[in-house]
Amino acid sequence: MTVTLQTPRLVLRRPAPRDWPAWNGFFQSERSAGVGGPRSLGASWRGFAGELGHWEIFGYGMWAVTLRGDATDTAVGLVGPWTPADWPETEIGWMIWDDKIEGTGIATEAARAALTHAWDVLGWTTIVSYIAPDNARSIRLAEKLGATLDPAAPQPKPDAPVLVYRHPRPRAAA
Amino acid sequence: MAKPVSPKVLPYPVRPTASPAIVQRGVKRRRAAARTNPRAQGLTMPPVIETAHLVMGPCTPADAEAFMDFCATDRSRFLGGPSGRADAWRSVAIHVGQWQLRGYGNWWLTDRATGKPAGRVGLWHPEGLVEPELSWVIYEGFEGKGYAAEAARAARDWAYANLGLTTLISLIDAENTRSIRLAQRLGARPDGVHTYDHGGTVTIWRHPGPGASE
Numbered sequence: 001m002t003v004t005l006q007t008p009r010l011v012l013r014r015p016a017p018r019d020w021p022a023w024n025g026f027f028q029s030e031r032s033a034g035v036g037g038p039r040s041l042g043a044s045w046r047g048f049a050g051e052l053g054h055w056e057i058f059g060y061g062m063w064a065v066t067l068r069g070d071a072t073d074t075a076v077g078l079v080g081p082w083t084p085a086d087w088p089e090t091e092i093g094w095m096i097w098d099d100k101i102e103g104t105g106i107a108t109e110a111a112r113a114a115l116t117h118a119w120d121v122l123g124w125t126t127i128v129s130y131i132a133p134d135n136a137r138s139i140r141l142a143e144k145l146g147a148t149l150d151p152a153a154p155q156p157k158p159d160a161p162v163l164v165y166r167h168p169r170p171r172a173a174a
Numbered sequence: 001m002a003k004p005v006s007p008k009v010l011p012y013p014v015r016p017t018a019s020p021a022i023v024q025r026g027v028k029r030r031r032a033a034a035r036t037n038p039r040a041q042g043l044t045m046p047p048v049i050e051t052a053h054l055v056m057g058p059c060t061p062a063d064a065e066a067f068m069d070f071c072a073t074d075r076s077r078f079l080g081g082p083s084g085r086a087d088a089w090r091s092v093a094i095h096v097g098q099w100q101l102r103g104y105g106n107w108w109l110t111d112r113a114t115g116k117p118a119g120r121v122g123l124w125h126p127e128g129l130v131e132p133e134l135s136w137v138i139y140e141g142f143e144g145k146g147y148a149a150e151a152a153r154a155a156r157d158w159a160y161a162n163l164g165l166t167t168l169i170s171l172i173d174a175e176n177t178r179s180i181r182l183a184q185r186l187g188a189r190p191d192g193v194h195t196y197d198h199g200g201t202v203t204i205w206r207h208p209g210p211g212a213s214e
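Those protein sequence lines, which keep their order, are chains A and B. Numbered per my numbering, the first sequence spans residues 1 to 174. Numbered per my numbering, the second sequence spans residues 1 to 214.
No lab work stands behind these hints: they were computed from the structure. Keep in mind the model is a prediction, meaning the values are calculated, not measured. Treat the hints with care, since some could be wrong.
[To be verified] Taking CB as the label site, the calculated pair distances span: (1) B:Gln-184 with A:Ala-136: 52 to 58 Å; (2) B:Glu-131 with A:Glu-102: 38 to 44 Å; (3) B:Leu-129 with A:Pro-38: 31 to 37 Å; (4) A:Thr-90 with B:Gln-184: 43 to 49 Å; (5) A:Thr-108 with B:Ala-212: 57 to 63 Å; (6) A:Val-3 with B:Asp-197: 44 to 50 Å; (7) B:Gly-42 with A:Pro-21: 16 to 22 Å; (8) A:Asp-70 with B:Gly-42: 49 to 55 Å; (9) B:Asp-197 with A:Val-162: 47 to 53 Å.
[Unchecked claim] Chain B residues, not near chain A, derived (Cβ > 12 Å throughout): (10) Tyr-139; (11) Thr-177; (12) Arg-189.
[As the list claims (entries may be wrong)] Covered by chain B, according to a simulated footprint, are these stretches of chain A (three or more residues, beta-carbon under 8 Å): (13) 37-44; (14) 47-53; (15) 81-92; (16) 112-126.
C-beta atoms are modelled at their ideal positions from N, C-alpha and C, and glycine is treated no differently.
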């Protein structure tokens, strides 16, 4: 089953092949430096195929973030669960593709919806976000969401350490 | 040589709300479109194909684990291995996701006798490769049974019957003698070389088209 999330300004939906141009535009640009880019065309395609495969394998994955009322249904980024077999913990990740949504709070709105879904629907008991040490924008978002640095947390790629931000469990979690 | 096994292709699940007539028209339209654009076939995961010794189908958690085990061994050297779980899992996810992007991809093989994962065979078509590649991986313990040939023929027949393709290639390292022997058994012939963008050169083996005798 594929879950779509709605927030006041956004629709978070399962990514589809039509999101390839937006994905590839991001991964061929310097904006993707914080998430391992820029990538070659081949590496960009493999990454996109992997995102689609993640959904097929788990039934969940990172959502394509779209603006309500946008008739073109263009994704401005991906936000949501990312749990490859080698990850030590369950992650909520984000990548914002479109410069124009900078400073609008849209990434925060999407991430809050994703976190709520992970706690309440997926039933996760812990949530981290892995962030490159020099990705200042991403660090700001993690802090805005109330996450705190956990230096003792296991690393996803021990050869290339990242910052592990741990999200607080909502108090009202039943 | 044994007569090629004729695989039984199970129908892809059809949405129950559609009437048979609509489904039939839809299938015809999709098949017509598929001749020019394989993606129009609309499959997002492999249809189940049964052969004499194998069930070929979508990736299960057991398939993913078996593939990661395979990647950890030297047997994966012609796939760029050995590699750890990080790279091996991403490879699984990419192959699974390719079905959504292309409408075709790899099948995960289950040995009918034991119920165990036996390998992965099908169509690999990443960005950068100009045509789909018929590739095969057989796990330890399932070699020497003709499984790779059985699955490769079934995948090739499916591609010719459903995608409108008239040929396929297999890219094989010159030192991979087992795979070369299989390509020859399948009637493929050398047809130039392919150089990967990350370096490394392999032989292009071109398969005979639909209906050609091997």
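Status of each hint after checking the structure:
no.: 1; hint: B:Gln-184 with A:Ala-136: 52 to 58 Å; in the structure: 57 Å, holds
no.: 2; hint: B:Glu-131 with A:Glu-102: 38 to 44 Å; in the structure: 41 Å, holds
no.: 3; hint: B:Leu-129 with A:Pro-38: 31 to 37 Å; in the structure: 21 Å, violated
no.: 4; hint: A:Thr-90 with B:Gln-184: 43 to 49 Å; in the structure: 48 Å, holds
no.: 5; hint: A:Thr-108 with B:Ala-212: 57 to 63 Å; in the structure: 59 Å, holds
no.: 6; hint: A:Val-3 with B:Asp-197: 44 to 50 Å; in the structure: 37 Å, violated
no.: 7; hint: B:Gly-42 with A:Pro-21: 16 to 22 Å; in the structure: 20 Å, holds
no.: 8; hint: A:Asp-70 with B:Gly-42: 49 to 55 Å; in the structure: 25 Å, violated
no.: 9; hint: B:Asp-197 with A:Val-162: 47 to 53 Å; in the structure: 27 Å, violated
no.: 10; hint: Tyr-139; in the structure: 17 Å, holds
no.: 11; hint: Thr-177; in the structure: 28 Å, holds
no.: 12; hint: Arg-189; in the structure: 27 Å, holds
no.: 13; hint: 37-44; in the structure: holds (count 4)
no.: 14; hint: 47-53; in the structure: holds (count 6)
no.: 15; hint: 81-92; in the structure: holds (count 3)
no.: 16; hint: 112-126; in the structure: violated (count 0)
In this structure, the hints that do not hold are numbers 3, 6, 8, 9, 16, in rising order.
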